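Novice: Each chain is listed here by its residues.
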Amino acid sequence: MKLLRFLAQEMTQADLGRRVGLTRQTIAAIEQGRYSPSLDVAFRIADVFGKRIDEVFHWRRDAEGAQHAATAAK
Amino acid sequence: MPILEKRAWLTLWTMCPVYLVYFLIQATYPQLTPTYLSRFGLLAIVAGLHAVGYIAGELVMRRQNRGEPLDRDERDRAIDASATRSAYFLLLTGMIVVGMVMPFTDSGWKVVNSALLFIVLAETLRVLLTLRGYHPRVAG
Chain Z
1 MKLLRFLAQE MTQADLGRRV GLTRQTIAAI EQGRYSPSLD VAFRIADVFG KRIDEVFHWR
61 RDAEGAQHAA TAAK
Chain S
1001 MPILEKRAWL TLWTMCPVYL VYFLIQATYP QLTPTYLSRF GLLAIVAGLH AVGYIAGELV
1061 MRRQNRGEPL DRDERDRAID ASATRSAYFL LLTGMIVVGM VMPFTDSGWK VVNSALLFIV
1121 LAETLRVLLT LRGYHPRVAG
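Residue numbers (our numbering), protein chains in the order written: chain Z, 1 to 74; chain S, 1001 to 1140.
Hints in this document: simulated from the structure, not taken from any laboratory.
Interface residues of chain Z toward chain S, partial, derived using beta-carbon atoms under 8 angstroms:
#1 Gly-21
#2 Thr-23
#3 Gln-25
#4 Thr-26
#5 Ala-29
#6 Arg-34
#7 Ser-38
#8 Val-41
One side of the interface only, derived from the structure: several residues of chain Z facing chain S at Cβ under 10 angstroms:
#9 Gly-17
#10 Leu-22
#11 Arg-24
#12 Ile-30
#13 Tyr-35
#14 Pro-37
#15 Asp-40
Treat the numbers as computed from the prediction; the structure is a model and nothing was measured. All C-beta atoms, glycine included, are put in the ideal place defined by N, C-alpha and C.
Taking the hints into account, I'd like the entire structure generated from these sequences.
Specialist: This is the structure we're talking about:
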């Protein structure tokens, strides 16, 4: 997502947050993999970049395989 | 720092010290407040200090806010809901003890202070879980 922001005229986290209705801190948390956004927000973020949702986010299984997380593609 | 996290810190720093002093006085020096009126007076002072501290902190926070939105987003709401759910069960347990058990074993100010203690504990738990929600790796 950082790369996508950079490619989108160096959009800031605050700008992206404003466009999708999130705070800058939540955008930072998504980029750092500390928060998995709702499907609605994930679609909105992908829409801002003009991408499909699977081009922005990917699903991964953690080491124990106990938890699943949707994280922002770096 | 998200607005909800700032408010959680503000609640922690304004509520815990004043109620800690209140419960210490009630537990160790009950003779300082011998009458009902003096006990209500102490409680009013403590609640007033908490309210004034919180309002002053909120005003300072808003003044220092650098264009950050004051609304909560979905992450804030998720953290708040999770913390509130846990605190609710503590409060529920406390109210069962205070309202259904203590009337048969204790009376008067002990019941009042126990109810107040459970409210403060539940609110403290909610605040701590909110802070943990923003720093899951730091707080375990």
